[in-house]
Structures are given as C-alpha cells and as structure tokens.
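> Residue numbers (numbering that gives the first Met the number 0), protein chains in the order written: chain A, 0 to 321; chain B, 0 to 321.
Treat the hints with care, as some may be off.
A pair holds if it fits inside one copy or across any two, identical chains being indistinguishable in the list.
Claimed, not checked - EDC-like cross-link-like pairs, simulated, lysine to aspartate or glutamate; straight-line CA separation at most 16 Å: (1) 119 with 130; (2) 134 with 22; (3) 39 with 208; (4) 24 with 148; (5) 134 with 18; (6) 224 with 261; (7) 15 with 130; (8) 24 with 138; (9) 24 with 159.
By construction, these hints were calculated from the structure, which means they are not laboratory data.
2 protein chains.
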Amino acid sequence: MTQLQSLQNQFNVALKTLELPSEPKLLYEPVSYTLSNGGKRMRPLLVLMGCKVFKEDISQAIHPAIGIEVFHNFTLLHDDIMDNAPIRRGKPAVHTKWNNNIAILSGDAMMILAYQELCKTDSSVLSQVLEVFNKIALEVCEGQQLDMDFETSENVSIADYVNMIRLKTAVVLGGGLKVGAIIGKADAEQANSLYQFGLNTGIAFQLQDDILDIYGESQKVGKQKGGDIISSKKTFLLLKALELAEGEQAKDLQKWLKSDAETEKVNAVTEIYDQLGIRKLAEERMWQYYDEGISNLNEVRGNDVWIEMLRDFSHNLMHRES
Amino acid sequence: MTQLQSLQNQFNVALKTLELPSEPKLLYEPVSYTLSNGGKRMRPLLVLMGCKVFKEDISQAIHPAIGIEVFHNFTLLHDDIMDNAPIRRGKPAVHTKWNNNIAILSGDAMMILAYQELCKTDSSVLSQVLEVFNKIALEVCEGQQLDMDFETSENVSIADYVNMIRLKTAVVLGGGLKVGAIIGKADAEQANSLYQFGLNTGIAFQLQDDILDIYGESQKVGKQKGGDIISSKKTFLLLKALELAEGEQAKDLQKWLKSDAETEKVNAVTEIYDQLGIRKLAEERMWQYYDEGISNLNEVRGNDVWIEMLRDFSHNLMHRES
Numbered sequence: 000m001t002q003l004q005s006l007q008n009q010f011n012v013a014l015k016t017l018e019l020p021s022e023p024k025l026l027y028e029p030v031s032y033t034l035s036n037g038g039k040r041m042r043p044l045l046v047l048m049g050c051k052v053f054k055e056d057i058s059q060a061i062h063p064a065i066g067i068e069v070f071h072n073f074t075l076l077h078d079d080i081m082d083n084a085p086i087r088r089g090k091p092a093v094h095t096k097w098n099n100n101i102a103i104l105s106g107d108a109m110m111i112l113a114y115q116e117l118c119k120t121d122s123s124v125l126s127q128v129l130e131v132f133n134k135i136a137l138e139v140c141e142g143q144q145l146d147m148d149f150e151t152s153e154n155v156s157i158a159d160y161v162n163m164i165r166l167k168t169a170v171v172l173g174g175g176l177k178v179g180a181i182i183g184k185a186d187a188e189q190a191n192s193l194y195q196f197g198l199n200t201g202i203a204f205q206l207q208d209d210i211l212d213i214y215g216e217s218q219k220v221g222k223q224k225g226g227d228i229i230s231s232k233k234t235f236l237l238l239k240a241l242e243l244a245e246g247e248q249a250k251d252l253q254k255w256l257k258s259d260a261e262t263e264k265v266n267a268v269t270e271i272y273d274q275l276g277i278r279k280l281a282e283e284r285m286w287q288y289y290d291e292g293i294s295n296l297n298e299v300r301g302n303d304v305w306i307e308m309l310r311d312f313s314h315n316l317m318h319r320e321s
Numbered sequence: 000m001t002q003l004q005s006l007q008n009q010f011n012v013a014l015k016t017l018e019l020p021s022e023p024k025l026l027y028e029p030v031s032y033t034l035s036n037g038g039k040r041m042r043p044l045l046v047l048m049g050c051k052v053f054k055e056d057i058s059q060a061i062h063p064a065i066g067i068e069v070f071h072n073f074t075l076l077h078d079d080i081m082d083n084a085p086i087r088r089g090k091p092a093v094h095t096k097w098n099n100n101i102a103i104l105s106g107d108a109m110m111i112l113a114y115q116e117l118c119k120t121d122s123s124v125l126s127q128v129l130e131v132f133n134k135i136a137l138e139v140c141e142g143q144q145l146d147m148d149f150e151t152s153e154n155v156s157i158a159d160y161v162n163m164i165r166l167k168t169a170v171v172l173g174g175g176l177k178v179g180a181i182i183g184k185a186d187a188e189q190a191n192s193l194y195q196f197g198l199n200t201g202i203a204f205q206l207q208d209d210i211l212d213i214y215g216e217s218q219k220v221g222k223q224k225g226g227d228i229i230s231s232k233k234t235f236l237l238l239k240a241l242e243l244a245e246g247e248q249a250k251d252l253q254k255w256l257k258s259d260a261e262t263e264k265v266n267a268v269t270e271i272y273d274q275l276g277i278r279k280l281a282e283e284r285m286w287q288y289y290d291e292g293i294s295n296l297n298e299v300r301g302n303d304v305w306i307e308m309l310r311d312f313s314h315n316l317m318h319r320e321s
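For reference, chain A alone in the conformation it holds in the complex:
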C-alpha cells in the first residue's frame, strides 16, 4: 500500500466513526445515505496531505478533513435540488429518493455537522481554521449563485466563467490544503502558497471536467455524455466556441443551442467544437492553470515526500478519464 492509499484508508475508517443521531430518521438517514455514497474523497485527502507537508502526525487534521468532506457533500445535496438533477454518483439524489423538503433540511443539518467536526480542531488554531473555512464556504455559495445566474445571462465572458468555477469548485481544494497546513503549523506564507496551488489545480480540474463531458469515456465519467451541451451550459468550451465561431458556423451554433434533439445537438455542437479546435484550446488553458499551480507548489518548503505526492496528485487529476 502506498503512503497515499494508507492516508486514504485512514480517512475512510475515520469517516465511518462519524456518529449520527438515529432520530428523527428522515433527518439523518439522508445524511448517512449521502456520506456512504462514495465519491473521490479528494478534498479531505488534501486536508491530510496539506498537514503532512508540515507535520508527520496528522491526528489533529482528521476531524477537520471529515468536516470538509461533509460540507462538500452538503453542497452537492443542495445543488442537486437547485439544478433539478435526479442522479448523484449513479444513485437517486436525496430530493429524488425522498423529497425537496427533506433534502433542504438534511442538507442544513449536514452543514452544521460539518462545523461540528471542524470545531474539533485544536483550540490553538481553531479560529484560524474557521476563518478559512467560513470564507470558502461563502464563496462556494457565491459560485453556485453565479452558476445559476449564467444560465439566463447573455453576457458571460470566459473570465466570468473562470471566476465562477474558482468560487464554486477550486476554493474548497485550496481551502482544504490551507486548513491542513494551518493544523500542521505552517507559517502564513507557506499556507497561502499551498492554497494557491489548490486553487489553480481546482480550476484546471474543473476545465478537465468540462472536457471530459464530451471527450471522456462516458461510462467512466458516470454521467450522460455531452450533458453540458444538452443543457447548453456555458462552459469554457461553449464560451470559447461562441467567441470564435463566425458567419454560418455562428448561426449554426446558435440554432443548435436552442434545439431539443439531444443526440443530434451533442453531435452537431461537438463537430463545431472540433472544427474550431476547442478541445486543444481548453486543454491548453487547463495546463496553464496546472503549471501555475505547480509553481505555487514549488514555493512550499516542507516534507519533500508529501510535496512530491501533491505534485503527482495534481498531475493525475489532469490525466484522469472520469
């Protein structure tokens, strides 16, 4: 078992010790349903790795890592209501399996449970950890609001989009690492470099997600291929295509964006993307953020083994198929 796998196992074992009250059933069953439904557990692992860079003993980071994972799952739960998304990780979303009210309230409870875990941080750094967490938690809400705003907005720039995914997705990766670093007693500058590394990696990660929506192997992605195209989601790919398409091609793209014919729409829009070389442009942008993240990581002075593992982690994220 690699050191990373061992850390992963340690987290999974710890997560199972999270004790939920048994009553009211309809409040807590959706919480344990959500938490037992897997996922990459990427964010808590970043908390633990962020700590490892500065301190061998990660026992103080376990509960905050659980807190970050519970928070992340809370956001998915509420997002699925807002996006009317019926499926999460191959199983019915909470609002589908139960109903909207239960999804709202059990989500609320999850956010409090997340804070409860975060509050088990050693009191010497509690206030610092919560300051980071409160900030990123609010930013995630801002990102989700922008995401919803963009659905009906006609004027979304690529910069707007990158700002949205920074808030909605990337800050939790950066914040997780920073929380770990603070618990590992890193100085402020080092903790911030790690945060920036997470932020840039997170933006690259989301761009990769956008690319995989069309160019990934849909079976491994676990989502409908081209789902973003079907919903005309303003991802980097679509925004870039809207920017570059001219004449007939631009008209064609606009026409297809209004279409309900799902398969034809995916095929036609993908063809336009291919003609415009959108995949390559998206990948270039992704690697830019990746590189930026790596230079942030290069500024970090700590345990080289774990810095190297963070480098690998980031690299593997870019080469994933799902």
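Go by the hints and put chain B onto chain A.
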C-alpha cells in the same frame, strides 16, 4: 430610555454594521431583505442579557448576538420554503419574492454568515460558544423535521409535541442566554441554569403562540386568526382536545379536521375547545413552564438588576398580545 431599550438599540445599531458583499446580487439581496424585515430581536437580546448578568461590558457578546439572530432568520427562511408559507412578517417570504432556489442558497449563505459572526467570539471561549451553538443549531433542524413528521403522523402525544417545540423553538432562547453567560465568564452551573430558564420560557412562549393563534387579537398577531386550526396543526390545543373529546364531540372534531370550509372550521373547532376548557388547560401548562423557568432563574447568582430584567422579560412574554 430603559436599560433594556438601550441594549436593544445597541444591538440594532450593531446589526446595521453587518457588511454583506454586494455581489452576486441574487445571493445577498435576499439576506439583507430578510434581516431588515424586523422581528422581535428577542434571541440576540437574550445573548446580551445573559452576558450582562455576569459582566457589565457586553462588547464581546455583540457579534455572537448578531450570529444568533442571523441564524434564527435563516431557519425562518428555509422553514417558509418547507411550509410553503407565502408571507413572513407581513411581507412576501424570500421564496415568494424570488424563488425556491434563491431561498435555499441565500439561506445557506445566512447560516455561514451566522457562523462568521459567532467566530468573532474571543478565542478564550470560542470553542465553548461554538459547542453550544452547534448543538442547538442541529436541534432546531431536528425540531423542524419532527414538526413535518407530525403533519402526517396519527400518533402524536402531548409529550411529543412539547419535545418538538423544545427543539424547534426553545433551545435557541436557552442557547442564546448560555452563549451570553459563557462570554460573561459564568461558571458552567450558572450558565446551565440560565439555559434551563431560557428553555422553559421558550416552551411557555410557544404554548402562548398556540393560544394566541385563536384567542389573540389577530391584527396584532399579524397572522390569519385560527391558522393552526385551518391547517389542522397538531398544537397543544388540538392534541388536548383530541385527548378529552368523547362520543359525538370526538366525531364532530374529527369531521371538522377534514373540512376545507375555513371560517366554519375555525368557529366549530374553537367551540369544541371552549366546551372542553382547552384555553384554560393550555394556559395552565404555559404557566407551569413559566414557573419552572423562574425557579431556574432563581438559582442564578449575578447582577440582580439584569436577573430582574430577565424575570420581567419572561413575564411580559406571557402577557403579550402578539
């Protein structure tokens, strides 16, 4: 100006200093709309009074008091979605004025903003304050779930009902006082006595609310008279009537509970209540909790002026008309 009014003013001024980001508009406008819509500001006042009992200087209690008020308003915001309640304090509820998604997300943001304020507590007591807050916040969710469960449950006892209002309403009053006491550096026993005082007062307060639904002056209450009867809500009054009614009266009551004829339903059920002496029984129960609260308060040793004001506060709550 009385000392209590001066405290109230101090809080209102402080609340106005709460700075919200301006963007995204649709995330933060509903928050300021909610917070500027008044309310009794009872819970933050209890935080400040709880502190005053043990310490003259309440400056450390202001932000936590804002946190408790923001949290309370968050719960109302989400409850209104779940209860499909269109009006809050005489104005459209957030989910009516905007929509459900915006109400879910701005509510989530409010919960985080509440924590942000609570985290401004002095670090010497931060962990204690958050422990109390996390506990009561989760209990409020449990109370709301039980409240929803009871809508369709056939077997709700009066004890179940009291437990529900304890969780949904009373713990925030008790918790607010306890947070204030902790910041005032009260010892654990004193802080707990104040908590119990708040808890019992809170239960009495909710029973009074149930009574006012029918026997209050609806104009002052600001709600539709008999709203609980119209929705067949299982309050203390209805549960007691179901317990006491026999023969024809019991059949009548059951028949009216299924009726859609609002005015006739309110009149008929009120008549049954009157025949059974329900108002008196409810008031007796209310005064029992009030008395219990007062004996908890009698155990508290601190600034007598403020203990006296808490006594008055509780007494006035029982004699309110809205």
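> Each hint: holds or not?
Okay, the hints, checked on the actual structure:
Taking the shortest alpha-carbon separations for residue 119 and residue 130, both the intra-copy value of 14 Å and the inter-copy value of 9 Å come in at or below 16 Å. When the C-alpha separation of residue 134 and residue 22 is checked against a cutoff of 16 Å, the pair qualifies only between copies, where the shortest distance is 15 Å, while the shortest distance within a copy is 31 Å. In this homomeric assembly, residue 39 and residue 208 come within 16 Å of each other (Cα to Cα) only inside a single copy, at 14 Å, whereas the closest approach across copies is 48 Å. In this assembly of identical chains, the alpha carbons of residue 24 and residue 148 lie at most 16 Å apart only when taken from different copies (10 Å versus 35 Å within one copy).
For a Cα distance limit of 16 Å, the shortest separation of residue 134 from residue 18 across copies, 14 Å, qualifies, whereas the shortest one inside one copy, 27 Å, does not. For the identical chains of this complex, residue 224 and residue 261 are intra-copy neighbours only, at 10 Å inside a copy versus 52 Å across copies, given an alpha-carbon limit of 16 Å. Taking the closest pair of Cα atoms, residue 15 and residue 130 never come within 16 Å of each other, the shortest separation being 27 Å inside a single copy and 22 Å across copies. Taking the shortest Cα distances, residue 24 and residue 138 sit within 16 Å of each other only across copies (14 Å), while inside one copy they are farther apart (31 Å).
Only between protomers do residue 24 and residue 159 lie at most 16 Å apart by alpha-carbon distance; the minimum there is 15 Å, versus 41 Å within a single protomer.
Hint compliance for this structure: hint 7 alone is broken.
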